[in-house]
Amino acid sequence: MEVLIDFFIRNPWLLIIVIGIVTSLSGKKKKPEQEQTPNRPARPQQRPTVREVYRQAMQEMTEASKPPVDEASMLMEEELARNQEHKAELERAKLYQKKQKQLERIKAAKPVLPIEDNSSPIYNTNLQFDQQRLVDGIIMSEVLGPPRARKNMYRSGVRR
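The opening residue of the sequence shown carries number 17 in the working numbering; numbering runs sequentially from there.
I should point out that these hints are in silico values taken from the structure, not numbers from a laboratory. We put the CB at the ideal spot given by N, CA and C, even for glycine. Don't take each hint at face value.
Unchecked claim - Distance windows between CB atoms, simulated:
{"#": "1", "residue 1": "GLU107", "residue 2": "LEU150", "range": "52 to 58 Å"}
{"#": "2", "residue 1": "ALA97", "residue 2": "TYR70", "range": "33 to 39 Å"}
{"#": "3", "residue 1": "ARG71", "residue 2": "GLU94", "range": "42 to 48 Å"}
{"#": "4", "residue 1": "TYR112", "residue 2": "ASP152", "range": "44 to 50 Å"}
{"#": "5", "residue 1": "GLU120", "residue 2": "GLN148", "range": "43 to 49 Å"}
{"#": "6", "residue 1": "ILE138", "residue 2": "GLN113", "range": "34 to 40 Å"}
{"#": "7", "residue 1": "ARG149", "residue 2": "GLN118", "range": "38 to 44 Å"}
{"#": "8", "residue 1": "GLU95", "residue 2": "LEU160", "range": "55 to 61 Å"}
{"#": "9", "residue 1": "ILE37", "residue 2": "GLN62", "range": "46 to 52 Å"}
{"#": "10", "residue 1": "LEU160", "residue 2": "GLN118", "range": "54 to 60 Å"}
{"#": "11", "residue 1": "ALA97", "residue 2": "LYS117", "range": "30 to 36 Å"}
{"#": "12", "residue 1": "GLN62", "residue 2": "PRO28", "range": "51 to 57 Å"}
What the hints assert, rightly or not - The calculated DSS-like cross-link candidates involving lysine-lysine, where the alpha carbons are at most 30 Å apart (straight line), are:
{"#": "13", "residue 1": "LYS110", "residue 2": "LYS126"}
{"#": "14", "residue 1": "LYS103", "residue 2": "LYS126"}
{"#": "15", "residue 1": "LYS115", "residue 2": "LYS103"}
{"#": "16", "residue 1": "LYS126", "residue 2": "LYS115"}
{"#": "17", "residue 1": "LYS110", "residue 2": "LYS123"}
{"#": "18", "residue 1": "LYS103", "residue 2": "LYS114"}
{"#": "19", "residue 1": "LYS126", "residue 2": "LYS114"}
Please model the entire structure based on the sequences and the hints provided.
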(Lines of atoms letter the chains of each structure in order from A; the text may use other names.)
(Lines give C-alpha, C1' and ligand atoms only; values in the text may rest on other atoms or scores of the structure.)
Protein backbone atom coordinates (compact mmCIF):
# COMPACT_ATOMS: atom_id res chain seq x y z
CA MET A 17 0.00 0.00 0.00
CA GLU A 18 2.86 2.30 0.84
CA VAL A 19 4.47 1.52 -2.49
CA LEU A 20 1.28 2.50 -4.31
CA ILE A 21 1.10 5.86 -2.51
CA ASP A 22 4.77 6.59 -3.27
CA PHE A 23 4.19 5.67 -6.93
CA PHE A 24 1.27 8.18 -7.22
CA ILE A 25 3.19 10.92 -5.40
CA ARG A 26 6.08 10.56 -7.86
CA ASN A 27 3.67 10.57 -10.86
CA PRO A 28 1.01 13.24 -10.20
CA TRP A 29 -0.22 13.11 -13.83
CA LEU A 30 -1.06 9.50 -13.48
CA LEU A 31 -3.01 10.30 -10.29
CA ILE A 32 -5.02 12.96 -12.16
CA ILE A 33 -5.84 10.51 -14.97
CA VAL A 34 -7.03 7.85 -12.51
CA ILE A 35 -9.24 10.37 -10.67
CA GLY A 36 -10.76 11.51 -13.99
CA ILE A 37 -11.57 7.93 -15.02
CA VAL A 38 -13.17 7.17 -11.67
CA THR A 39 -15.34 10.33 -11.77
CA SER A 40 -16.46 9.70 -15.35
CA LEU A 41 -17.50 6.16 -14.48
CA SER A 42 -19.42 7.35 -11.44
CA GLY A 43 -21.08 10.06 -13.57
CA LYS A 44 -22.37 7.48 -16.04
CA LYS A 45 -24.01 5.54 -13.28
CA LYS A 46 -25.86 8.62 -11.97
CA LYS A 47 -27.36 9.62 -15.31
CA PRO A 48 -29.52 6.51 -15.73
CA GLU A 49 -30.80 6.99 -12.20
CA GLN A 50 -31.85 10.56 -13.03
CA GLU A 51 -33.67 9.36 -16.13
CA GLN A 52 -35.60 6.85 -14.07
CA THR A 53 -37.12 9.55 -11.87
CA PRO A 54 -40.71 10.18 -12.90
CA ASN A 55 -41.49 13.44 -14.65
CA ARG A 56 -43.22 16.08 -12.68
CA PRO A 57 -46.92 16.28 -13.25
CA ALA A 58 -48.09 19.16 -15.41
CA ARG A 59 -48.92 22.30 -13.55
CA PRO A 60 -52.56 22.76 -12.86
CA GLN A 61 -54.15 25.78 -14.48
CA GLN A 62 -53.37 28.89 -12.57
CA ARG A 63 -56.23 30.48 -10.79
CA PRO A 64 -56.82 34.15 -11.60
CA THR A 65 -55.19 36.52 -9.17
CA VAL A 66 -57.14 38.87 -6.96
CA ARG A 67 -56.04 41.81 -9.10
CA GLU A 68 -57.40 40.23 -12.30
CA VAL A 69 -60.71 39.36 -10.63
CA TYR A 70 -60.97 42.95 -9.35
CA ARG A 71 -60.27 44.39 -12.82
CA GLN A 72 -62.93 42.19 -14.42
CA ALA A 73 -65.48 43.18 -11.79
CA MET A 74 -64.71 46.88 -12.26
CA GLN A 75 -65.07 46.57 -16.05
CA GLU A 76 -68.41 44.85 -15.69
CA MET A 77 -69.62 47.53 -13.27
CA THR A 78 -68.57 50.41 -15.54
CA GLU A 79 -70.18 48.75 -18.56
CA ALA A 80 -73.39 48.19 -16.60
CA SER A 81 -73.48 51.78 -15.31
CA LYS A 82 -73.13 53.33 -18.78
CA PRO A 83 -76.43 54.61 -20.08
CA PRO A 84 -77.60 52.93 -23.24
CA VAL A 85 -76.66 54.87 -26.34
CA ASP A 86 -79.69 55.70 -28.39
CA GLU A 87 -79.99 57.27 -31.81
CA ALA A 88 -81.41 60.54 -30.52
CA SER A 89 -78.37 61.30 -28.38
CA MET A 90 -76.03 60.40 -31.24
CA LEU A 91 -77.93 62.71 -33.59
CA MET A 92 -77.74 65.51 -31.03
CA GLU A 93 -73.97 65.08 -30.71
CA GLU A 94 -73.54 65.15 -34.49
CA GLU A 95 -75.69 68.28 -34.74
CA LEU A 96 -73.66 69.94 -31.99
CA ALA A 97 -70.43 69.13 -33.83
CA ARG A 98 -71.84 70.58 -37.08
CA ASN A 99 -72.93 73.74 -35.26
CA GLN A 100 -69.46 74.21 -33.79
CA GLU A 101 -67.87 73.79 -37.22
CA HIS A 102 -70.33 76.29 -38.69
CA LYS A 103 -69.52 78.80 -35.93
CA ALA A 104 -65.80 78.39 -36.61
CA GLU A 105 -66.37 79.02 -40.33
CA LEU A 106 -68.37 82.17 -39.54
CA GLU A 107 -65.61 83.42 -37.26
CA ARG A 108 -63.02 82.85 -39.99
CA ALA A 109 -65.20 84.67 -42.52
CA LYS A 110 -65.63 87.65 -40.16
CA LEU A 111 -61.91 87.79 -39.53
CA TYR A 112 -61.20 87.63 -43.27
CA GLN A 113 -63.64 90.47 -43.95
CA LYS A 114 -62.07 92.55 -41.19
CA LYS A 115 -58.60 92.04 -42.68
CA GLN A 116 -59.88 92.96 -46.15
CA LYS A 117 -61.38 96.21 -44.81
CA GLN A 118 -58.09 97.08 -43.11
CA LEU A 119 -56.18 96.46 -46.34
CA GLU A 120 -58.62 98.64 -48.27
CA ARG A 121 -58.16 101.48 -45.75
CA ILE A 122 -54.38 101.23 -46.03
CA LYS A 123 -54.51 101.21 -49.81
CA ALA A 124 -56.88 104.19 -49.86
CA ALA A 125 -54.72 106.19 -47.44
CA LYS A 126 -51.44 105.88 -49.37
CA PRO A 127 -51.49 105.68 -53.11
CA VAL A 128 -48.70 103.46 -54.38
CA LEU A 129 -46.51 105.21 -56.88
CA PRO A 130 -44.53 103.14 -59.32
CA ILE A 131 -40.75 103.48 -59.06
CA GLU A 132 -39.16 104.92 -62.11
CA ASP A 133 -35.69 103.85 -63.11
CA ASN A 134 -34.34 107.38 -63.37
CA SER A 135 -35.66 108.50 -59.95
CA SER A 136 -34.45 105.53 -57.92
CA PRO A 137 -30.90 105.54 -56.48
CA ILE A 138 -30.81 101.77 -56.87
CA TYR A 139 -31.04 101.92 -60.63
CA ASN A 140 -28.66 104.85 -60.96
CA THR A 141 -25.53 103.71 -62.79
CA ASN A 142 -23.56 106.95 -62.38
CA LEU A 143 -22.66 106.53 -58.74
CA GLN A 144 -19.67 108.48 -57.50
CA PHE A 145 -18.07 108.01 -54.13
CA ASP A 146 -15.50 110.21 -52.50
CA GLN A 147 -13.41 109.41 -49.46
CA GLN A 148 -15.79 111.05 -46.98
CA ARG A 149 -18.84 109.10 -48.26
CA LEU A 150 -16.95 105.78 -47.96
CA VAL A 151 -15.97 106.56 -44.37
CA ASP A 152 -19.56 107.54 -43.54
CA GLY A 153 -20.81 104.30 -45.10
CA ILE A 154 -18.44 102.17 -43.01
CA ILE A 155 -19.42 104.00 -39.83
CA MET A 156 -23.13 103.57 -40.59
CA SER A 157 -22.65 99.86 -41.29
CA GLU A 158 -21.07 99.46 -37.85
CA VAL A 159 -23.83 101.50 -36.18
CA LEU A 160 -26.72 99.76 -37.96
CA GLY A 161 -25.18 96.28 -38.03
CA PRO A 162 -25.47 93.58 -35.35
CA PRO A 163 -23.91 94.35 -31.97
CA ARG A 164 -20.34 93.28 -31.32
CA ALA A 165 -21.44 90.64 -28.80
CA ARG A 166 -23.45 88.90 -31.53
CA LYS A 167 -20.56 88.77 -33.99
CA ASN A 168 -18.46 85.65 -34.21
CA MET A 169 -14.98 86.87 -33.33
CA TYR A 170 -13.25 83.73 -34.62
CA ARG A 171 -14.60 84.23 -38.10
CA SER A 172 -13.24 87.76 -38.36
CA GLY A 173 -9.75 86.60 -37.40
CA VAL A 174 -9.72 88.26 -33.97
CA ARG A 175 -8.83 85.94 -31.11
CA ARG A 176 -9.35 86.58 -27.44
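Now for the hints, and whether the structure bears them out:
1. GLU107 with LEU150: 52 to 58 Å: holds (56 Å)
2. ALA97 with TYR70: 33 to 39 Å: Because 37 Å falls inside the window, the suggested range holds.
3. ARG71 with GLU94: 42 to 48 Å: violated (33 Å)
4. TYR112 with ASP152: 44 to 50 Å: The hint (44 to 50 Å, Cβ to Cβ) holds, given that TYR112 and ASP152 are roughly 47 Å apart.
5. GLU120 with GLN148: 43 to 49 Å: holds (46 Å)
6. ILE138 with GLN113: 34 to 40 Å: holds (37 Å)
7. ARG149 with GLN118: 38 to 44 Å: holds (41 Å)
8. GLU95 with LEU160: 55 to 61 Å: Because 59 Å falls inside the window, the suggested range holds.
9. ILE37 with GLN62: 46 to 52 Å: holds (48 Å)
10. LEU160 with GLN118: 54 to 60 Å: violated (31 Å)
11. ALA97 with LYS117: 30 to 36 Å: This hint holds: roughly 31 Å between Cβ atoms.
12. GLN62 with PRO28: 51 to 57 Å: holds (56 Å)
13. LYS110 with LYS126: Cα-Cα ~25 Å, so holds.
14. LYS103 with LYS126: violated (35 Å)
15. LYS115 with LYS103: holds (18 Å)
16. LYS126 with LYS115: Holds - the C-alpha atoms of LYS115 and LYS126 are around 17 Å apart, at most 30 Å.
17. LYS110 with LYS123: holds (20 Å)
18. LYS103 with LYS114: holds (17 Å)
19. LYS126 with LYS114: holds (19 Å)
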